[in-house]
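Asks: Chain residues, written in single-letter form:
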Amino acid sequence: MTATSPAETSPTAASENPAILDVRGLWKVFGPRAADVPGSPLAELSRAELKERTGCVAAVRDASFSVRRGEVFVVMGLSGSGKSTLVRCLTRLVEPTAGEIVLDGTDIRRAADKQLRDLRRHRFAMVFQHFGLLPHRRVLDNIAYGLEIQGVKKAPRYSRATEMLDLVGLTGYADSYPDQLSGGMQQRVGLARALAGDPEVLFFDEPFSALDPLIRRDMQNEVIRLHREVGKTMVFITHDLGEALRLGDRILVMRDGALVQTGTPDEVVGAPADDYVREFVRDVSRSHVLTLRWIMRPPEAGDALDGPELGPDVVIKEAVPTVLRADRPVRVVADGELLGVVGAAEVLEVIAE
Amino acid sequence: MVTSQVTAPVPARRPVWTRPYLLAGILAAWLVLWLIFRGQATLPLGGAELTPLHERIGAAADVIDDSRNENPLFLYFVNYIRLFIDQFVTFVQALISAPSFGRPVPVVGWLGVTGIATAVAVLYANLRVALLTAAGFASFGLLGLWRESMDTLALTLAAVVLSLAVGIPLGVWAGLSDRFERLAGPVLDFMQTMPTFVYLAPLTLFFLIGPASATVATMIYAIPPAIRITSHAIREVPPETVEAGASLGSTPWQLLAKVRLPLAKRTIIVGVNQTIMAALSMATIAALIDAPGLGKTVLKALETLDVGTSFNAGLAIVIMAIVLDRVTSAAGRRVETARRAGRARRPLWRRVQVTAVLAATAVLVYLSHVYVWAAVFPGEAGLGSHVRRAADAASQWAQANLYTYTNALKNVVTYGLLNPFEAVLTGSPWWLVLLVVTAAALVLTTVRVAVVCAACLALLVALGLWQDGMVTLAATLVATVLVMALGVVTGVWMGRDGRADRVIRPILDAGQTMPAFVYLVPILGLFGATRFTAIIAAVVYAAPVAIKLVADGVRGVPVSAVEAATAAGSSPWQVISKVQLPMARRAVALAANQGLIYVLAMVVVGGLVGAGALGYDVVSGFSQLQLRGKGLAAGLAIVVLGTMLAALTKAAARRADAAAHGRL
Amino acid sequence: MKVPRIALAGAACLLVSTVSACAGAKVGETTAAPAASGSGSSSAKQACGALNLAINPWVGYEANAAVIAYVAEKELGCTVTKKDLKEEVAWQGFSTGEVDAIVENWGHDDLKKKYIEDQKVAVEAGPTGNKGVIGWYVPPWMAEKYPDITDYKNLNKYADLFKTSESGGKGQLLDGDPSFVTNDAALVKNLDLNYKVVYAGSEAALITGFRQAETQKKPMIGYFYEPQWFLSEVKLVKVNLPAYTEGCDADAAKVACDYPPYELDKIVSRKFADAAGPAYQLVKNFTWTNDDQNLVAKYISEDKMTPEAAAEKWVTANPDKIKPWLPAS
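Chains as they are written, first to last, in our numbering: chain R, 3 to 355; chain F, 1440 to 2103; chain C, -6 to 322.
Treat the hints loosely; a few may be bogus.
To be verified - The list that follows gives simulated cross-link-like pairs (lysine-lysine, BS3-like), each with its CA atoms no further than 30 Å apart:
hint : chain 1 : residue 1 : chain 2 : residue 2
1    : C       : K247      : C       : K163
2    : R       : K155      : F       : K1704
3    : R       : K116      : F       : K1704
4    : C       : K231      : C       : K316
Claimed, not checked - Among the chain R residues that face chain F by a calculated CB cut under 7 Å, a handful are:
hint : residue
5    : T93
6    : F130
7    : G134
What the hints contain is simulated information worked out from the structure, not anything from laboratory work. Given the structure is predicted, the values throughout are model-derived calculations rather than measurements. Glycine residues also receive a C-beta, built at the ideal position from the N, C-alpha and C atoms.
Based on the provided sequences and hints, a complete structural model is requested.
Replies: As structure tokens, then:
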């Protein structure tokens, strides 16, 4: 195991951006007298003990994290880990029990009904697992729903909706009804609907788990493409580690309502915070996730330091041909500074797992 | 206690046999104690005897009667409601049934009404249903009952429109608010189980004799399904769709109007359907307070035991029920298909179609307004006399030839099941029954349900109608057992065999909507004035509901489960007993619950055919002033029994659910 | 095509209506106006006005009401509205002003007390002439086969014959319509009879029982009353209970004598009586015999005539009986 500490600086560009969404001490407790739990000694109990003692279920326990502008922030956990509740708390579809949710300086929890509606109409939007489309409306009217309830006139509303339809690649389906479309297409409608209001933050609640694997991959690519094109901040809930690693700039792992680890994909895979995460990432091909940063070693005496040069954020898998073809260690260089070297031995150790 | 075992995850399973053994122990103890205490503290009360409570209730009713002219607020409020309803019903009658606006005939004659009904069916349902509608309406005329049918239709439609106007908003509220739903539940139970006979006479004091009282009586019975099903429909809307709407910033009102109601529409139409059925089934009883229509024909015919005439009118009611049912359910399905059909070029075609149908209807309405042949149904109504004669002949033949068999059947059930059961229930001291029921409820269900049962039985004692209550309870339980036996057997058959379903369903509809007064005479002839006759009447009325629910439940079992069982080499019997019935257990539990409610609804009719007890108390309270308090108390006792049994069956249904999920 | 065929036929009919027979008579042109809008022309009818008759649900009552209504409409030109109501609701109609007259009342001392004495909204309008008899009856074949059965003293001897699934080992005495207070339970007890009272619950149940008992020669004893149309179909035989004497039924629990003979009477609303119009005179003067009523009841029940037709037939045949009912003028 690579015990070297994970790099302090995160690799992606978004890392330098300021936080757009700050969550501090967020609790969601279901059950009688739920409000009494956060901050009391009860808060220290495990989920099962709390259930036994009070009949309450703590779906989200003391969650704190921040999402940076423009990044894809993935929340990952098994079913029942509280991740769906967490994302609903962020938009107050579920009323949090305690804590703060600050969007660009506004505390969402304090927003009055009207203010909250305005936030939902203009600042953030959500994509749902089972799409949540309105079966009695055409695709176009589904996409335009958000604009319609804001009172946008028909012409601009439809023109914007058509634009979105084209953006998600459903040109020509404006007059179809949702149940005439495949699941993947329906979720594209869900996506277009969410984008129609030009929100700053998009929330995804396991959007692709109801889809076939092939379609799922398509849709993941779609999200990557859209992220590149429109550059929205995305909070993405999933139980699928592969999806999390593929999409996430950073990943938050949840278990039993509590946060276990937050980090970049390679951090999570390379340095699991505990056995739970370790078990979780066990089957991941590390070479597909980890970068050279994770396996490089300091140059030793005798290493020839004139081998090929690669950046620290190059994924191992992609470095393999270079490393194996070279007859001397590959130098890992960032900003002209030599960080370490990687030889065939290190690479093979990872691949051979 | 038992509850904690249901909710908490118990690592070690409690041995399965404990519950049955405990129950058997309780029953054995009951029998032993019954033998010891038999006949003590059984609280009998003779037919004309009253308790002080009954006298007080009667006196209180008198006070209310007398003060109705001195309470201006109440009077004006009620008066305005009455005026509004009267006007409304009279207006509908003027349109289709009563001579109006100085003409000897209604505004729209038979051809026009048939045309309108058919047009509605064409536009909202489909062509096949439209043909059925046309044939159905024509048959009212052929049976010689056009005017009566239109009176019934007018009253039913008015009551349904008003019931929906009240019921759908309340149902939406109940769907959105758990608190309101919890509050409304018992009230609706009360409205559905309180026998009509109890409130029929008082209603005429406040709403006077005439359409308003009849409409209000009908509404009391017809509103609960509208509220219940609307609430269910609203709750059924996928939460994620509602969340999607909310997440885009919908106001609560927008969520309701643009998301919840459109998605609930289809189920709400089922509620409309049930409301219509409930309203129609009140049509006969409302005739006791001069409600016009087919009900009057049925009751009049009963005076002279004229089976043919009352069957003829009953047939018209059944036809009306089937037509209204098929139109509304087809309209409900159409909501679905219209959506799926897409819209390409449809608007134009649809517009042409609508215009053509409307134009044709307008022509028919015009003809029926102007010309006598289209206004008054022509001909001698030959079909009616055939039906009358056939029904008479069938009834007489059955009474003459089947008596030996039916009498034997009656004796077997009465001596073998009903009498022993009743002997134990009525022969035990009241405190023993209370103890046994509470203990059994504790073992089988939850503490809460046990408390409800104990309270209900205590209330029965307080109402002074303990023994009558036990007699009614015994008959009710036997009837429910028969209903469930029929329900499971026929329901499974129908659920597995689509053709059987198509053949049997209309018969069930007939059983449910044919007024009991129609078959009272034949079954009296077959079984005599006995408790068993009352049980038969209850079974005829309640079994269709149970059968339909079981059939739908069995059909709802996933095909894959049945295929898997068949692939594993199960015999049909094994598929039924190990897959279909267990998987449909929720439907079976619901069938038991509904079957019970429907059996209780027939307690009063049972009182008319020899069941005595609470049903007879209610009827005599309706007929004799000095027994009025007792009649009211008996009505309450029926509600109390219903509450107890409903709580028990609901708890059993929950247990079935929990068991299905492996939590017990 | 989706346009229903009948609609096409209708449209076609409209097209040719000007020339073909399909036009037919127009509403209001050739149809005779209904009776209500006035066919006669005597001046009495303006004075008569409206008569709201309660119709209680048994045929004998219907016979009385039919004849009164027929005479009121034809002879006096009243506008008669019949309202089908159970007794108690009918009495309530006095207090709400919706019922003018009840034309066959069986006792109902409780209702009389409430509406005549307490509320003072109704008054008695004299007897109908019909004599009501209430008692225990057996089918004719039994009276023939067991002649002594008509004496209550011998009833215990035959108790076994009357056993049913409902009577718990004793003889079954089938009790009646819930509209009447019966003393039968007390009678059985006080006369020491080995019988159990079973509540049939409706007139229909009683009649069906007796009808079957006679046709299938089954034993049956039950509560019944006359005048009743069914007696003209099956002549039930009355069982003699200890004779009624004034006051022998004062204590309901200790009663051991037969039911009193009923003088069936008429009740009208006070307003109607005070106005004393021709309709009131008619109702007040109306009396006839049990045979008269039975005949009209038979027209209705057995010959299946409408009440109106039955009344017309009887009135036409008995003009002299009508005359004394009409207001002196």
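Asks: It remains to establish, for every hint, whether it holds in the given structure.
Replies: Outcome of the hint check:
{"no.": "1", "hint": "K247/C <-> K163/C", "in the structure": "holds, 21 Å"}
{"no.": "2", "hint": "K155/R <-> K1704/F", "in the structure": "holds, 27 Å"}
{"no.": "3", "hint": "K116/R <-> K1704/F", "in the structure": "holds, 28 Å"}
{"no.": "4", "hint": "K231/C <-> K316/C", "in the structure": "violated, 35 Å"}
{"no.": "5", "hint": "T93", "in the structure": "holds, 6 Å"}
{"no.": "6", "hint": "F130", "in the structure": "holds, 5 Å"}
{"no.": "7", "hint": "G134", "in the structure": "holds, 3 Å"}
Hint 4 alone, counting from the list given before, is not met by this structure.
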